[in-house]
Amino acid sequence: DAGVIQSPRHEVTEMGQEVTLRCKPISGHDYLFWYRQTMMRGLELLIYFNNNVPIDDSGMPEDRFSAKMPNASFSTLKIQPSEPRDSAVYFCASSLGASEKLFFGSGTQLSVL
Amino acid sequence: EDQVTQSPEALRLQEGESSSLNCSYTVSGLRGLFWYRQDPGKGPEFLFTLYSAGEEKEKERLKATLTKKESFLHITAPKPEDSATYLCAVQANSNYQLIWGAGTKLIIKP
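So the protein lines, in turn, are chains B and R. At position 48 of the first sequence the residue is numbered 195 (our numbering), and the sequence of numbers has no breaks. At position 10 of the second sequence the residue is numbered 492 (our numbering), and the sequence of numbers has no breaks.
Source of the hints: derived by calculation from the structure; they are not laboratory data. C-beta atoms are modelled at their ideal positions from N, C-alpha and C, and glycine is treated no differently. Worth double-checking, as some hints may not be accurate.
Quick list of in silico lysine-lysine cross-link-like pairs, BS3-like style, CA-CA up to 30 Å [unchecked claim]: (1) Lys248(B) / Lys551(R); (2) Lys539(R) / Lys248(B); (3) Lys524(R) / Lys587(R); (4) Lys171(B) / Lys541(R).
Computed, partial: chain R to chain B, Cβ under 7 Å [what the hints assert, rightly or not]: (5) Lys524; (6) Gly525; (7) Pro526; (8) Phe528; (9) Gln579; (10) Trp582; (11) Ala584.
If we strip away everything but chain B, and leave its shape as in the complex, we get (with noise of 0.2 Å):
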């Protein structure tokens, strides 16, 4: 299996503009989550999905981020409108089951001019 896909690789953008970062899950796998990582905070959730369905989504930081998983296999977080205080690595993991060991992607780094 190839891992957990995510692309871009890296993102740079100007502040307003709209950021679509998608990620492909391990076959198989029903869980999927979305982490933010910086050096000030570090790993934070932001949302995850279970069989396709968001779960808990209380990691958002606000209403210019959302997530959809139309399917088992692909996955978007979308931020509209970008913020210099969006930059960061963003991770897609998904596992096989809740309480299972993650597999990460190699990561998206957003960098918000």
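Since chain B is already given, all that's left is putting chain R on it; use the hints.
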């Protein structure tokens, strides 16, 4: 409040010099404690899960142990390729969200 604290923040060792990393936690009912390794530019990679006090797990030069208040990641005779940031996370019985520590950056000098 559920909390995870890792120490030290950074650790520099000579190749072959054994040491331990600490993960102290406060959680209302532990479901599991997880150790991950993160290399620069990559996502965290799973190492171990521990479920109950007294449990130990080993993988190559790494051994993880668990008590009711903390976990240790022991590194025996480390090599430069063991250099990475080691992250600890706990999962409470009350929900499935992982609570992450800030990590320990380990540097092994040849």
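We went through each hint and held it up to the structure:
| no. | hint | result |
| --- | --- | --- |
| 1 | Lys248(B) / Lys551(R) | holds (21 Å) |
| 2 | Lys539(R) / Lys248(B) | holds (15 Å) |
| 3 | Lys524(R) / Lys587(R) | holds (14 Å) |
| 4 | Lys171(B) / Lys541(R) | holds (29 Å) |
| 5 | Lys524 | holds (6 Å) |
| 6 | Gly525 | holds (3 Å) |
| 7 | Pro526 | holds (5 Å) |
| 8 | Phe528 | holds (4 Å) |
| 9 | Gln579 | holds (6 Å) |
| 10 | Trp582 | holds (4 Å) |
| 11 | Ala584 | holds (5 Å) |
Violated hints are absent here; each numbered hint is respected by the structure.
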